[in-house]
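**Student:** Starting from the structure of chain A, add chains B, C and D where the hints point.
Protein chains in written order, with the numbering used here: chain A, 1050 to 1190; chain B, 1050 to 1190; chain C, 1050 to 1190; chain D, 1050 to 1190.
By construction, these hints were calculated from the structure, which means they are not laboratory data.
As the list makes no split between identical chains, a pair holds if one copy fits it or if it spans any two.
Restricting the straight-line Cα-Cα distance to at most 25 Å, the calculated cross-link-like pairs of lysine to aspartate or glutamate (DMTMM-like) are: (1) Lys1053 <-> Asp1097; (2) Lys1053 <-> Asp1099; (3) Lys1053 <-> Asp1078; (4) Lys1053 <-> Glu1077; (5) Lys1053 <-> Asp1150.
Number of protein chains: 4
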Amino acid sequence: MTEKIARDEIDRLLTTPAYHRWLGLWLEDVGPGAVTIGLPFREEFLADVDGSYVHGGVLAALADVAGDFAVIAQVGYAVPTIDLRVDYLRAARPGMELRADGVVARAGRSVAVANIRVTGDGRELLLGRGLYATGTAPPAK
Amino acid sequence: MTEKIARDEIDRLLTTPAYHRWLGLWLEDVGPGAVTIGLPFREEFLADVDGSYVHGGVLAALADVAGDFAVIAQVGYAVPTIDLRVDYLRAARPGMELRADGVVARAGRSVAVANIRVTGDGRELLLGRGLYATGTAPPAK
Amino acid sequence: MTEKIARDEIDRLLTTPAYHRWLGLWLEDVGPGAVTIGLPFREEFLADVDGSYVHGGVLAALADVAGDFAVIAQVGYAVPTIDLRVDYLRAARPGMELRADGVVARAGRSVAVANIRVTGDGRELLLGRGLYATGTAPPAK
Amino acid sequence: MTEKIARDEIDRLLTTPAYHRWLGLWLEDVGPGAVTIGLPFREEFLADVDGSYVHGGVLAALADVAGDFAVIAQVGYAVPTIDLRVDYLRAARPGMELRADGVVARAGRSVAVANIRVTGDGRELLLGRGLYATGTAPPAK
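Same shape as in the complex, but just chain A (with noise of 0.2 Å):
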């Protein structure tokens, strides 16, 4: 739990919206700028003509929503990303299960940048850095 937020609040925006419920994403972990989301494997996640790694699209989904929910759970509310830069190192295999880790480097009024860390197996298969819009904060009820 963070104090800007609730454990509640934030696994219910990760798990609500359409895409996030198709990739099937859960939340393993928060802490105070910090998350860390996990992806079982699904076989339409699978990028080539015979089906042997999962596509960098789907990794890149899921690095989006790692910083994205790192960002959240310092703010304490939903931010849009302005962009994402993502280094494929290794290939996703299938059947791989994944997680990513999103930690905020530093977020001011308006915007926010997260480190992006994506692993299966124990093994790193993605980097990654994103910058998310922070000065959008919703108005107080």
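**Tutor:** Frame of chain A; chains B, C and D shown alone:
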């Protein structure tokens, strides 16, 4: 059609992989070092609790594929993504049919760079750039 | 000249800072949300043991400035860089006079994105993209 | 010292190029796939009309060199930069002595990825990541 690879073969590489089929990607146009990829809307693409916009991970996947297939159209064989960078300019709204243009900026013996642009209703939604590994031509049969 | 800032003022912002003066940057052209910056060659720019090409850090600085001043030409005041991404396509050779084009892709209330292209002898040497903080207008005097 | 290249040779590659000499770069530490580079302050580094912070292009050059030499420390020979991405977290102030850490995240036969961090007065000023071409080993003599 390009000289190193037939349009039918590009189409097969695009429409066979499981994730491409799930997304619904189709080849709108192809030329030397350039492709246009279409993506119809699906309800499962929606990103947020209110379902008000398409997930950035879907746009990133579309962008990755557009850059990748621009390089394929140039070099004639499938190439893995090394890195991808996307800037989100505007949200893709529910029901929008998307287009992604990929154009090779430079292709060398080991890497190729492609410029990427995703549009919806004629407006730029995403600008991207991707790096692809070209030093992986399959052995001649 | 643009509407929000005079060309003379852009020129002053470009040619006053110490690092800009050392590099030798000059304003070749400016329009709404777009600039062309020139950079003459200096021996101190050379990168390697053999002095065979210009350092990537010099090109990155030139790229940063081109994107930055494109945004300045649009919003009318100095803006800090949030992030910068550069792809090196070809080496800049000793003696080459360089040009950098910066063009705003989208400017919002808190951030602006600019596309950047550096050329030498008419060839593309670098493609870049930068994000700049626009929410920092100085108080009116 | 690393196994593939002596520290003296890394030092020579770092301190011989004209731009490195002008910047004043020095090798603080080196290990397998990792370096720390120091950069003393120069008045010519200042960025703005008021001279209140160091130019982002100087930091980008320092970041590029740190990533590059991390790869050199791993593969044993000079490598060109393919792409570089930098996030500016905080301004470098006049008089600050800077440090840049470069660490190889993955080195393959054609490309290597390095993580980069620039600090000043013990605070993170910049996070970066660079891609370097490793398939360019010089012919044995």
